[in-house]
Amino acid sequence: MKSLRFVLLMAAREGRASLARLSLLLAAVAVGVAALVAVNSFTDNLLESVRGQARALLGADLAVSSGAPFTPRTLEILRDLELAVGPAGEVSVARVTSFAAMTYAPKGGATRLVQVAAVQPGYPFYGHIETQPALAWDRLGDGGIVADPSLLSAIGAELGDTLTLGEARFTLTGVVTNLPGDVAVRAAFGPRAYIAAGRLDETKLLVVGSRARYEAFLRLPASADAQRLAERFRVPLSAERVTLRTVEDDQARLTESLGRLGRYLGLVALVALLLGGLGVASAVHVFVKRKLDTIAILRCLGASGRKVMAVYLVQSAALGVLGSLLGALLGVAVQLLLPRLLRELLPVDVVIAPSWRAIALGVALGVWTTLAFALLPLLAVRRVSPLAVLRRDYEATPAPRDRGRIAAAILLGISIVALAVLQAGRLGTGLGFAGGIGLALFVLWLGALALVRGVRRFLPRRLPYLLRQGLANLYRPANQTVSVVLALGFGAFLLGNVLLMQHNLLRELRDGDGGDRPNVAFFDIQPDQREVVAATLRKLGAQPGQPVPIVPMRIESVKGVKARERLAAPGDAAAVRERWALRREYRSSYRDHVTSSERVVAGAFWKPGDGRGASATPPQVSLDSGVARELGVGVGDEIVWDVQGLSVASRVTSLREVDWQRFEPNFFAIFPEGPLAEAPQSFVVLSRIEGATQRGHVQRRLAESLPNVTSLDLSQIQQAIENLLQRVGLAIRFMASFSLATGAVVLLGAVGASRYQRVREGVLLRALGATRAQVRRVLFAEYAALGLLSALLASGLAVLAGWALTRFVFEQGFAVPVLPLATLAASVVGLTLLIGFWGGADVYRRTPADVLRAE
Amino acid sequence: MMRTGVGFLCMLRTESLTKSYLSGGRELRVLHGITFDLDPGGFLAIVGPSGSGKSTLLALLAGLDQPTSGRVVLGGTDLGPLSEDDRARLRSERVGFVFQAFNLIPTLTARENVQVPLELRGEDPGNRAQALLSRVGLDGRGHHYPAQLSGGEQQRVALARAFVHRPKLLFADEPTGNLDAVTGARVIELLTELNEEQGTTLVLVTHDPELASRAHRVIRLRDGVVVEDKQR
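Here the protein sequences line up with chains A and B, keeping their order. So in the numbering used here, the last spot in the first sequence is 898, and the numbers never skip. So in the numbering used here, the last spot in the second sequence is 356, and the numbers never skip.
Here chain B stands alone, though its shape is the one from the complex:
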């Protein structure tokens, strides 16, 4: 069932989103007219098999890429007319990320990695970074470099970084994909706890049914089309 929300209540809205790539001289359409709204504070899981267009959709939602047609409205701002740098500013203000490959900056310590979003906004990191590192259970590891941390620890640093600037919206791309089951479960626990504590809207891309089952809403993609949109 599709729901239409009122603009100011809506955290994220897409309208007839399509994306095509040129591949070997032929146009390859990855997404076909995706339309949905997401309310603030929600937890959306986007699922589907490999190649269904999940990651492409995530990139469009976060303003990392531009759609071929249609539009994305993030927290009331239409991303369409924004330049690359404007979208970057918007991300630094409203969006957090967690990636499958952690994507920490290898040359910065854990703590410095966590501070980046605050410093990008010109805010004094104060004790916030340290507090979040404690929150994810990495007290005392702040001065370590990513290479000195295990995969699970790295992902927890990434979680701290994603929440440090209190984003309205958090995108997670297969956050447990590179972790073993136990570590993955711990990361998911933290993710959902922080989500609830901070009232963040969470958009999660995964093909892990277990993970998807925790979401309030699941959108299933296949071949670039929404085949299921289930609310719980």
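Just chain A, same shape as in the assembly:
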């Protein structure tokens, strides 16, 4: 108790002076905590918003959805469900049918692919679809059409204009200004247009086999338990290939995926905090060196080594608390920026409020990090001998194996892993992350060590004196080469890696646009329209691609087991979701060749003509390897398909690995030419048409003559995905920049620590006759070398990690974006020089006499 009093008293008194010295420690911790608090608080807000808005997102208590019109059996089950709730009328139902179609504005003559939703009155039961004018949504039943503002600008229409959908004409009565659960990216596949369900038939757009989604939204009375109903009816509905969702299901799914986004950004933020820890370690290291006299005096006056160490540990902890609090404040401010960066990716309107949980967690992690990193350099305090009071030059000889040091190092390692696991939310991810950080830091450490050793050993004597003098500073006593290279290098590595990933993912996307790749697709072409389409395209100067047949079908049985039986097997929500491959609607095709975006990984693809003749029964089928895995089938297994009511048996003869990212007609199931020739089918034609205006013109002409044919401008989709990736990249880069900021703080600390010595050296040089320019050159050599090494190591590491990620995780080709990476490297060198010169500014400002007098 007595010694605690002494420790606290000393820490408080002595700390008044330490505050200024350790202000960089404060900054390093603050930046890291700010990043962490910003991300975690934002994630909390996001998840809280999901909880608050989940009902509005679904628009109902319960929703069912199918890729085909509801079967009589489905309707029967839905009636049972209603009866299970209570007497008739207790449950409100609104059905929504959505599909893609071309809309045409007779006034301007423009066309556009829209996502049509034909809704029954009442939808949505929760949440509001805001429109302009406000009453437009409620009056949808009057027969008008309400659309996204982007449609109006795309086709130059205004309120009151007439739009056609198929064979029906609608008056544009309003625009949608806000939609619950809207993600901006989705609009890229076409603006949305809403009509009353009652007018759907007039369009004559939906025929047998049309691609559409049929949904029913249910509002339950407050007394009903949606989750219990879901458990009871999920499986029977699944057997009808109808999926059922509740608010809780949606919320769990969103919480999972948004939580993952938050955790990922949190890990990037954690790097900033860990680098801040590195800053703490280096600041404390320098601090202890400066305090040697005081420590020796205290030891001489009879303070035990542990007591003195405790004094400085308390000081570090206090500064850690202060830095963390500052960081939390900063983090709350930064948090306001995050929704701006991510808005278009988020399905909910995020209500921003500081999350106390995130703030408390951030401060706790900040203090913990400070202590874990401060402990190792503070242990040196114990080894300061009281003899140093008598002999200034007395240097403590480090004990060869200090158990305290080993314990502190282990504690530090465990702390890093624990922080990573805590932030990642998963043991494996956390361990992998900590391991990755460890590896990167190890490489940087090796690089820095090699530089220090290499310069000391191989510095050529022939080099100009000033250069030699500057480079020698890298290995002189009390140099901070290692910590600067670690901190700066790691920040740059992180940013470089994000840059590389973004570049490579976008490059893959842009490659699709190169040369003569198709950039517009025409869907739902009926067999007798093939010629018209080809002729129209040719007339307009575009080369039509070969029509690709599409035959809608579903799975009737796999290896002799009826799909219906397997779908009707009891199971929970997750198990039912897993059966998607069995439940889904397949849009298959037939051809006798393998395309460039796929390769056969098992079995053998058939030869042209194999599909005809006596040996062609049962027909062969080639499956996507992923779907085959889901279905549990391999080469030789039998699948029976239901092709518009007709059973077609098939034998799997090959599996293909398909590159789905390529904008090409790819299929889960492909048949040989022949067996499906007579099946009900539509065709897709791809074409390359230069220029957006010309593409729009061709789309319009086709929509006029063949209203059922929809067309999609692939370059717009590509643009949308590119935007999405840019957004995500921006958010990650934003978080990664915190790491570079911490790196800069560490550098600032290092420069500040050696500043006195540098200024003295510089002034001595000047006293001996060196000009300011010469002194500047000494500084330049040192900091250029530091910056260059950090930048080179970081770039090398980023390229290596980026290559591994693209190659093994994203399974893509890899290219190095030379210019952006070089820019990053140059910025790192520039930053280093800037901070270095700032530290040396005193050398120029003060005259030699000034400094020598102050000695």
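None of these hints come from the bench; they were simulated from the model. Being a predicted model, the structure only gives us computed values, none of them experimental. Take these hints with a grain of salt, some might be off.
[Stated by the list, open to error] Heads up, simulated SDA-like pairs for lysine to any residue below, C-alpha to C-alpha not over 25 Å straight-line:
#1 LYS332(A) / ALA271(B)
#2 LYS332(A) / LYS292(B)
#3 LYS332(A) / GLU208(B)
#4 LYS332(A) / VAL495(A)
#5 LYS247(A) / PHE113(A)
#6 LYS292(B) / HIS268(B)
#7 LYS332(A) / GLN272(B)
#8 LYS332(A) / LEU430(A)
#9 LYS150(A) / ALA63(A)
#10 LYS650(A) / SER640(A)
#11 LYS332(A) / ALA225(B)
#12 LYS292(B) / ASP353(B)
#13 LYS292(B) / ARG341(B)
#14 LYS332(A) / THR231(B)
#15 LYS292(B) / GLU208(B)
#16 LYS332(A) / ASP209(B)
#17 LYS292(B) / LEU430(A)
#18 LYS332(A) / PRO270(B)
#19 LYS582(A) / LEU757(A)
#20 LYS150(A) / ALA735(A)
#21 LYS292(B) / ARG245(B)
#22 LYS605(A) / ARG116(A)
#23 LYS292(B) / LEU203(B)
#24 LYS247(A) / GLU747(A)
#25 LYS150(A) / ALA211(A)
#26 LYS605(A) / ARG630(A)
#27 LYS354(B) / ARG338(B)
#28 LYS602(A) / GLU621(A)
#29 LYS332(A) / LYS354(B)
#30 LYS602(A) / GLY679(A)
[To be verified] Now the in silico label distances, taken between C-beta atoms and shown as ranges:
#31 ALA403(A) / HIS268(B): 37 to 43 Å
#32 LEU835(A) / SER174(B): 34 to 40 Å
#33 SER174(B) / GLN817(A): 39 to 45 Å
#34 THR316(B) / GLN817(A): 54 to 60 Å
#35 SER258(B) / LEU492(A): 52 to 58 Å
#36 GLU352(B) / LEU492(A): 51 to 57 Å
#37 GLN817(A) / ASP248(B): 38 to 44 Å
#38 GLY812(A) / SER147(B): 56 to 62 Å
#39 LEU52(A) / ASP263(B): 20 to 26 Å
#40 PRO173(B) / GLY812(A): 54 to 60 Å
C-beta atoms are modelled at their ideal positions from N, C-alpha and C, and glycine is treated no differently.
Once you have looked at the hints, place chain B on chain A.
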């Protein structure tokens, strides 16, 4: 003439004290078998030219360093088996220091510097620190930092700190070495006055013959050996 004292009467005793350092791979012997006793309340001056081993001897006597062989008994406690931290505790209980370079803690005020030994022992400093500052003539300067004080004032703060916890034994290492003659004389006056007032045993290392002449006993070292031990 060498005197042997009875243990409990003896404040400080050394037996065949030797100290060697490794220097450039060779063993450098700084002290050769130093043996003497010191009675309580005495005033011992250790003199000798630079490099004679004075400071090394002081460090051993105060338990700041450990001898290569031989032993030091301080107030009846053999320092030999004590750990570094035990010796530190012993210092905080029985020993005071005055150094040539003052060695105040730069980040603490004068008063706080004086309080350190008391606080280390967990004692309430009360008015004692202030009283001692007045005693050394620094009334009203307690809130000043060392850098704001002159050399003589700093050394007087150091004197206050050395006496604040009523040590049995006080070690002074060239206390006037960094001071001009007048200031030095004033410091020595204070040192001897306080020594007598508190009945402290004083061990002074110096090569100033004037200062040494005030001691009751002078031990002269040369090349690590006692060449003279004069009692007055």
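**Report entry** Unsatisfied constraints (hint numbers, rising)
**Finding:** 2, 6, 9, 29, 32, 37, 38 and 40
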